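Chemist: Fit chain B to the given chain A structure using the hints.
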Amino acid sequence: MTDQPTPDARLRSSGSLRRRLALQLVGSAAVLASLLFFAVLGFTRDVSQRSHDSILLASATSLMDSVTIEEGQVTLDIPYAALSMLGNISDDRVFYRVTLDDSTLTGYGDLPEAPAGARLEEPGYWTGSYRGAGLRSVTLRRRMSLDSGAAGIAITVAQTREGQQAELAALTRSALALGGGFFAIAALLALWTAQSSIRPLQVLTGVVSRRGPKDLRPVQRAVPSEMLPLVHSLNRFIERLRVSLTRSEEFIAEAAHRVRTPLATVRTQAEITLRRVEKPENRNSLREMIRAIDESSRAAGQLLDHAMVTFRTDSLERKPVDLQALAEELVGRLRPVAELKDIALVLEAGSVPPVPGDAILIQNALRNILDNAIKYAPPDSEVAISVTMDQSAVTIAVTDEAGGFPEAEKNALTERFVRGSNAAGTIGSGLGLTIAREVAEAHGGRLVLSTSSTGAGACVSLSFPLS
Amino acid sequence: MRFAILPTLLTALSLWAASLLAFEAEAQRRFGPLEAETVLKVLSTTDTALLAPLLEDFLATHPQTALDYYELGSADLMQAVITDASGFDIAISSAMDLQVKLANDGYTLRHRSNLTQAMPGWANWRDHVFGFSQEPATVILSPRAFEGLELPRRRQDLITLLRRHPERFSGRIGTYDAAASGLGYLFATQDARTSDGFWRMMEIFGSLDLRLYCCSGTMIEDVARGDLALAYNVLGSYAEARSDLSGQVLILEPQDYTNMMLRSAVILRDTAEPGLAGELVDHLLEAAWSPEGNPAYPFHRYPVRNGAESAPYRPIQMGPGLMVYLDRLKRQRFLREWHSAVEQD
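Quick note, the sequences are listed as chains A and B, same order. Sequential numbering from 825 applies to the first sequence in our numbering. Sequential numbering from 79 applies to the second sequence in our numbering.
No lab work stands behind these hints, which were simulated from the structure alone. Heads up, a few of these hints could be off.
To be verified - Chain A stretches covered by chain B per the calculated footprint, using a threshold of three residues with CB under 8 Å from any CB of chain B:
1. 897–904
2. 950–962
3. 1266–1273
Bear in mind that the values here come from a model prediction, so they are computed numbers and not experimental data. For each residue, glycine too, the CB sits at the ideal point set by N, CA and C.
For reference, chain A alone in the conformation it holds in the complex (with noise of 0.2 Å):
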């Protein structure tokens, strides 16, 4: 199993998580820049029109204050400051502006009046155009009484806007620079926030997809509170695929249990129906009888073997078990029957340390591998088994002279029900070497397949690690 599981072609994506949400929120982020620029972009504006305003507002007042009445006739002494206070802000063009009941005093008798205000005494503010160039002015309004009676004198004083929007512009760029700056940083976190809470997905779908074949215990890994459904959902999943699969193997072992024993009876008297039968047809089809009762009778063993691999793989017990004497006892026990097939079984084993498991385990699978070799092995050869350790594990080999594997289906032949090319007309039901490759794989070890070093024939190894 690879950690990324791979993609199944049948399932849509409907886009990413991920992306989406850094989508959005670099989407809110956009729009919160572009709210901040035009907000400080507004205020700025406001306030920097405002105390140009004030200034503009500070001359006039000081014209107004200088407006006399000499002999009955309205004059004013312009301060020198009433201008020069407009230079010193700005290199802008001034101008300026009396009238006395629409009548220019003194000034520039075109330049424009600005609306008057709610109320006559308040300053009333113009923007425009005056001389070609773009311009910004206050009027002030005061009503005076002359000998003549009542008379009404208004006081203009404009300014042109380039130093101002030379300010403003400046005030554009900080702004800018501000926006881009918020939009920015905004951006990042955005990015970093949706990359972090993709996170417990992604480490979920590692988890889950680092898992083993057999491993059919629930999720438990804590999991953010909006996942905890799914992994719910997900745990009971899994629990009823393994209440299932336990239901099937317990069924296949019922059943191999139920028709083993009776195929034993069977046996039993096809042999002594042997015995009486003399038309050799009668015997033949007896023998053949025979033999497809022991196929059967062998197949349900492994069944049962299998079954009983993965009962014990589930909860697998590990106590110290020496290989030496396992290999050596199983060896005195299968002698009697290689010998029948006139097979010789070779055993050097040195002394090794004990490795931990479960030694009936082990020892089932070794068996099957016995077995395998002692079935394959044609009469009057050698099945070699060693017990070697090298810096971390123990190896049992059996080597015999079967001819070996066919190169390309050594990888198929630890599949369930799976049987060499070269099985046919041998007795099997493709489970042994199955078996062998979950034992040695739930003590952490592995079943190696390769051909002998003689290349008569095929070397099975099962590795434990020694911790």
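Modeler: Below, chain B alone, put in the same frame as chain A:
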């Protein structure tokens, strides 16, 4: 109403004259070849002879260019620009207030170059008005008239002297007629703005039978001849330029404060040669402000003020403030007060 007809008539007459000659030039001179590819027409209040070396230096690097130099009074210059702006390229004037008003009212063209950016900011208004000299308003003294007296160093010294020796100075004090001379008006208004003592001094001048002049030349000559004991607010640069009178006049830069007039150039709005006009302005600015200077530069190069020093030199600030005294009512009021101070009977 009878009096209203006269200015109208005069305006009509001057307009008629303007259609012929546009204005009354005091002097006109062509610099450079008669058959030049391009001709820059320069209006100026500056003596032709004073600027001639600098202009010829400019033409030395512009062989295909000629300059038509028209010398005229500052008020005439203003009038010429306003009524016939299209004919001229550059206006050079000592009347800072009028130059600022020309720029403010939109008769000038913006010009930016390395030199306009390197020059002191206070000598450059909006990249439209470019000061290219610093010329002090000085007191010209006749050494003979002050024989036996300690020479005054500040205005207060002068007032004390005048009070102690009225008989020696009576009828022998001269200054510009503020009503007739644009420069005299500028200096008088700046004095009034700077110092409260100005009016007191004018009253003392008035009590000593002040003589009023239209122009600096005659005033300097009268001091040199001994007719005048002192002339107040005369451009030091003009007195220095009169090398023929050296020894006969003393130039006093008052230590309490000395107003510095900035002679300035503007490029006129409707010039056909903005590039060339800009080069001429740059030529003036380079002579005035660059560290290298120019041997043909006719004015004294004062160290450029950097604000921290408390030197008595006060360059008159360019800016809209200068337009205050150009206001009709303000001018009337100021001249009324000035006349009442200086004309006592």
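Chemist: Evaluate each hint against the coordinates.
Modeler: Comparing the hints with the structure gives:
With 6 residues having a Cβ less than 8 Å from any Cβ of chain B, the segment 897–904 of chain A passes the three-residue criterion, so the hint holds. Against chain B, the segment 950–962 of chain A contributes 3 residues with a C-beta closer than 8 Å to a partner C-beta. That satisfies the three-residue criterion, and the hint holds. For a cut-off of 8 Å, the count of residues in the segment 1266–1273 of chain A with a CB near a CB of chain B stands at 0, and the three-residue condition is violated.
Going through the hint list in order, the structure does not satisfy hint 3, though it satisfies all others.
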